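Q: Sequence:
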Amino acid sequence: MKPVKALLSICLLGSQTVLADNVEERAWPVTSFLIPNPFQVNPAGIPTDRTIIGGMRLNRTEESRYLINPNNNTPPSIQHTTNKKDVALGFQLPLGGAAFGLSGDEHSRQITGKSDQRNSEVFEEFWVRDYKMKFVVDLLPELRGAFTFRYQSHQADLLGGYGVGNSDRTRYKGTMSGYSLGVNYRVRSLSIGAFTAPPLRGKATIEGEQKIISDPGLGGLEVGLTYSDRLSLGLSVLKWSYKHDDRDEDTTSPVDQRDIFLRGVDVDQYFRKTLAIGIGAEFAVLPVVGIKGSIVKQEGVFLFDPTRVPGDNGDVETGIKSYEMRVGGFIRNKQFFAELLLLKASREKDEVRVRRNGVNALGSYKHDDSSNMVVLGAAF
Numbered sequence: 057m058k059p060v061k062a063l064l065s066i067c068l069l070g071s072q073t074v075l076a077d078n079v080e081e082r083a084w085p086v087t088s089f090l091i092p093n094p095f096q097v098n099p100a101g102i103p104t105d106r107t108i109i110g111g112m113r114l115n116r117t118e119e120s121r122y123l124i125n126p127n128n129n130t131p132p133s134i135q136h137t138t139n140k141k142d143v144a145l146g147f148q149l150p151l152g153g154a155a156f157g158l159s160g161d162e163h164s165r166q167i168t169g170k171s172d173q174r175n176s177e178v179f180e181e182f183w184v185r186d187y188k189m190k191f192v193v194d195l196l197p198e199l200r201g202a203f204t205f206r207y208q209s210h211q212a213d214l215l216g217g218y219g220v221g222n223s224d225r226t227r228y229k230g231t232m233s234g235y236s237l238g239v240n241y242r243v244r245s246l247s248i249g250a251f252t253a254p255p256l257r258g259k260a261t262i263e264g265e266q267k268i269i270s271d272p273g274l275g276g277l278e279v280g281l282t283y284s285d286r287l288s289l290g291l292s293v294l295k296w297s298y299k300h301d302d303r304d305e306d307t308t309s310p311v312d313q314r315d316i317f318l319r320g321v322d323v324d325q326y327f328r329k330t331l332a333i334g335i336g337a338e339f340a341v342l343p344v345v346g347i348k349g350s351i352v353k354q355e356g357v358f359l360f361d362p363t364r365v366p367g368d369n370g371d372v373e374t375g376i377k378s379y380e381m382r383v384g385g386f387i388r389n390k391q392f393f394a395e396l397l398l399l400k401a402s403r404e405k406d407e408v409r410v411r412r413n414g415v416n417a418l419g420s421y422k423h424d425d426s427s428n429m430v431v432l433g434a435a436f
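The working numbering puts the first residue of the sequence shown at 57, with every later residue one more than the last.
Possibly wrong hints are sitting among the right ones.
As the list claims (entries may be wrong) - Mimicking SDA-like on lysine to any residue, the simulated pairs with C-alpha atoms at most 25 angstroms apart in a straight line are: (1) Lys267 <-> Asn413; (2) Lys299 <-> Asp361; (3) Lys405 <-> Val357; (4) Lys299 <-> Arg328; (5) Lys299 <-> Tyr235; (6) Lys299 <-> Asp324; (7) Lys140 <-> Tyr187; (8) Lys140 <-> Arg113; (9) Lys329 <-> Asn413.
Quick caveat, the hints were computed from the structure, so don't treat them as lab data.
Keep in mind it's a predicted model, so treat the numbers as computed, not measured.
Using the sequences and the hints given, assemble the complete structure.
A: Below you can see the structure in the form of structure tokens.
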């Protein structure tokens, strides 16, 4: 295969993406008992007896480098940088044995891609607005249950390939909705929680066609131990689930009908998270100042077959295991709190199976990820 044809083919491969997983997972603190972080993956994780108001700003930078068909004499090299930003606000109000909460998040994703076969860069943008309405009920003195309704709006401005010109730029919008359920059981200093959030489903009109779109689901188990007023320990397990998405199918550009890919040029969209296991700790060095940290083992697969989801056929998947380190600190008093977290992660693979559209494999794949998160709020 010629290098230019290979470049075009890799941009037309179908899959599902973790583009818009929820902000609670992106901000996942693993453990948060010493301060009432309002952005927790389990909707039942926060007690109902306090008013909690919080805001969050998260910045994330990802860089990837890889070769197309590495066994060729002159394999094309591609690199891209992705900048992600989240701004989220949320609150929860007590209702006497129950609580009501609202939250909103605006997530932006900007991708700059570069191939050694082209002099110019490719630039694409994606936006997601995610809204949640939550009800929490004290079922028993030790047991809480929660229900969350979730609504998402999507917007994209993309080229869909390194060989597509700006005159063929595609823009579309879509909406999705879904729900999540959670429970939390606490006895003395031990807390056990579980939750499930099935994949979101919705519609988008793309180049005059109605398409069914989806977003990954997420479920998990959390165990926390409040050892003392100054120390807490946590264990969390997250598991992702997927449904087919019509955006995985090829479409055509609005000008010359050239084939484009609606996921954009970012190859990391083909990496699907499947399982994460994290352990963490918080320690109050002083009554008002503390530190926290966690280590997360992340498992996932590269999957380039648009007719399958992870787990359908291991022969067409490439599994990758990696680790994330999260460290930070917090300040608290009787009402106000502030938290800062930093994340570093990387994953790499000598060869990733593809075998579609003439592309057999990706080689020398390496991905680096860093982020910082600030949370400010009050609980009273």
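Q: So which of the earlier hints does this model not fit?
A: Result: no hint breaks.
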